[in-house]
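**Student:** Chains as they are written, first to last, in the working numbering: chain B, 71 to 519; chain S, 3 to 298; chain D, 394 to 711.
No lab work stands behind these hints: they were computed from the structure. Zero decoy hints are in this set.
With a Cα cut of at most 27 angstroms, we get these calculated BS3-like pairs of lysine-lysine:
(1) B:219 x B:504
(2) B:241 x B:273
(3) B:137 x B:414
(4) B:485 x B:495
(5) B:137 x B:198
(6) D:568 x B:495
(7) B:379 x B:236
(8) B:236 x B:265
(9) D:568 x B:499
(10) B:438 x B:212
(11) D:568 x B:494
(12) B:198 x B:145
(13) S:81 x B:145
(14) B:137 x S:81
(15) D:568 x B:485
(16) B:438 x B:379
Here is what each chain is made of, one letter per residue.
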Amino acid sequence: MGRPGLNRRQLLATAGGLTVAGSFGFAALGTGADALASGADTRVRYWNLFSGGDGANMIAMLDAFRKANPGIDVKDSTLQWGNPFYTKLAMAAAGNRAPDLGVMHMGRVTGFSPGRLLDPWDVDLLAKYGVREQDYNPALWKRGVIDGKLYALPLDIHVQLCFYRKDVLKKAGLLGDDGRMIPVTSTDEWFDVLKKAKAAQKKGLQTIGLWTNDQNFQWWFFVAFYTQLGGQWFNDANTEVLFDADKATRVLEFLRRHVTDGYVIPGAPTGEQFINGAPFTWEGNWSVPVFSGAELDYGATPLPPVFGKQATHAESHAFVLPHQSGRGGATNEGAHELAAYVVKHALQWAAGGHIPAYTPTLATAAYKKLTPQNEYVSAMDHQATEPKVWFAGSTGVLAQDLGPVVVSSTMGSAKPAAVARTMKKRLTKLLASKNPMDGRTAAQGGAVV
Amino acid sequence: MTTAETTAHTARTASTVRSKSRKPWTTGQIVLTVIGVAVSAVFVAPIAAALFTSFKSEAEAAEIPPHWLPEVWTVQAWKALWETGNVTNWFVNSLVVSVCVTSVVLAVSALAGYGFARTEFRGKSVLMGIVMSGLMISPAVLGVPLFTTVQQMGMVDTYWGMILPQCAPAAMVYILYKFFQGIPRELEEAAFIDGAGRWRVFFTIVVPLARPSLAAVGIFTFIASWNNFLWPYMVTNNPDLMTMPNGIATVMNSYGIQWAQLMAGGLMAGLPLIVVFVFFQRQIVAGVAHTGLAGQ
Amino acid sequence: MTTSAHMTTSAQTVVAPARARTATATATLRRKQGFQHGGWFVAPFLALFVLFVIWPLLRGVWLSFTDANISGEGASFVGLDNYREALNDSAMWEALGHSAYFTLLVVPCITVLAFLLAMLAHNIERGKWLWRLCFFVPFLLPSTVAANMFQWLFTQGIGLINETFGLDTPWLTDKSYAMLAIVIETLWWTVGFSFLLYLAALQGIPDHLYEAAKLDGANAWHRTVHITLPMLRNITGLVIALQILASLQLFDQAVVMMDFSPGPELSTRSFVQYTLEQGFTSYRVGYASAMSIIFFVIIAVVALARMWLLRNREEGGR
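Model the full assembly from the supplied sequences, consistent with the hints where possible.
**Tutor:** If you want it as structure tokens, here you go:
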């Protein structure tokens, strides 16, 4: 520690002192490093959970909005999809620091305590910006209505799809004259298709990607096939569990068979496998831009109706107004305007694979030309959704409770029949449990349709 | 692995060149050094892999099978990181939070450590006992009630909400308390006799003597605060307010496809401390060992 | 900082004449006064401590007897219901089991590994700074960054770990490997801290002990077993205690490596993660508080057990 060291130290001490002073200045501002406000009159803070291709599309739509409305400054933030997002949105609303506009999955709205964590939409204001109830599929619009008020403005429907590689299927003789996969109507036919595809595919890859280890995907697939079998969850009053363990067992055995028959490499990254040559993968439609970007020759249909009836798991992204105690004024109107704009300009959004909820968009020639979107747009009419109860919805309590047990069956660590019984037990428990936000059970808060 | 090995190897040769005038190489030393190089390579390899990957294109970073070195070197990940803007915000936030936490902790725990070690007041031993019980409490243990407390104070999504709950570490008070106990009382007594006040004695005699300990506490606090994930994760929802570890995990991590960017972001969060470590190795090692050993 | 060197010398000049002086009655009085009324020194810390440690603890106890939700309004008293439910909640016990299992795997590994690394770095004569840097550097990374790196290294297909060792192990997606992957990541990330403690302790062992043993003809192995290990007993106790407390609080690595999910078939959901899920995902703040209090008791028992062991050993030594 000679003299030069002292000098260096002096310098460091000064720099340190400045940093300390600067930091406390920042902290005193309390608003963060982006406290430098922009020149626009109205600032709309908007939180979403879109990343990847969806994120890029959303940003493009926001940029278009900004250009058209220079008076409104949109401050968008993207958070990690899934529970982290809902946790953060709920905590922000509870802490009264909510953004002006948010995105949620439709199924989560019932449990997100409308009225406490969410504020209702001003339907007249939406109409002023060109979005009306009659522009929507009535069933879809109704999903966002609770106690007579609109809490969720649907943006899209997104579904689980069966992606297939045309190059491999052609070799296996599984393509029809229209260049699409031949239809399948039973489990036997389906496994026959897999067998043929396996014979024609590149070695060392799996035949189908099933997300066997993923509790979300496994749950979504379960919901789809359980609905194909006509399975029910609860009675209309949400007082009784109607879950059919036998039907559930059939679905679980069906999923499991993909593993036991060797069509799946458990844990292998599904998207990468498909891009590298695996003939099938079951994914959400949000994988469309990924596979299109990789310039694959592929198609996508709704999940095959192996139990005789068409049904594929569907959810919707919807705009919501997170609760603010002083909601209103120009910012609130800006939020309405922005949401209406994005809903109406959803063609860009359709490029991300989602089916636009605003029906006038579906009728446009531009949408009808999109492939493979035009191949699965019919999924809109065969939606398999979770029951409308407070514990349902994307990555909600229901999916969290039941998803892992579906995985345990598919992976073989539990027997399908035993898992079906466990599922029924858990559903019974959930139905009796109270929504922590308002202390009501599904039956007490259930008359919401 | 090979690259990491060569890196470590070149570094080693450099160091041996510098110290050639020392003891001769014995068989034992050669064996130990070889083991040392091999183990070091294992330790450095993940960081090296992350660095290389950050210079790949996103497509190459997700290629099956993977490879260590980029086939085409590109700075796209770093550029994208810079352009999306979030990361620079997070960096500033991390700096603000860590600097504030460190300064508050230093000030507050030095005062408290001295107070407990050297002054008398009613109920001191009871208080000391209570503070020591605080060693067992962390955001991991009491996260939910701590969050609701901070929520009630209206500090969710504020810098203060991130900073203040990190500013009451019983451990640091204990370390400084132990140190102050070891300072000979005569030093202070003499000053008192000369008429110096308590505060003057503290600032002109005690604090200078405690510099190594304070440095240790400061360094340790800074590392802990810079790297802290759990508490900032709980208390910030607004992505603009997030710190580096939090932002990278909760915002950048979505979809997990952009590995190159993720690695670049991770390195950006980790590099400042690593660089500081390289320059102040002796002090930091002494500091960490000191804070740790004080628990004995 | 800059003037402190000067301060030290001035302190010494103050001391020297003071020692020479005889202690008068007034001096004694002043001296006594000097050490009195220390409350103000402690006050700032206590204020923070009460606000952010004691108060949340008390609040947690109160909340655990209510059905409070995340919004902070409309909670009602439910007595011991939350505790009753928690003790019967198999998911909570499983989560506790995961944390305990993790602890059981990590603590012995880290202790042995840290000791071996310290012995290595201590005994290589050249390039000490380099070994120290290499072994310690992972500890300087934020937990989430380290976890992201290993998440990527472990991912089947694109990960370099399988590639390098010629494996095809589903590290992150199979319940029999997932926790193991987290343990490996944790070893890499945190062993540096314990390593430094051991290294400091090794450097603190007086050389004359070894020299005396050498004279008595003890070989390197004997010297390690009979001098080094006994001299490191205290530090080993410390390392183990710190690691147990830290490992039981497993959260960061696990959630990041598993993409914020509870892992394949819930196999990596730790106690902390389950508590936060209940509080922040299911919005059951009352229930989560009860689990926090249960966890606090567990941690306290571990900490007290350590103090008790330490005291026993000291008494036994006398």
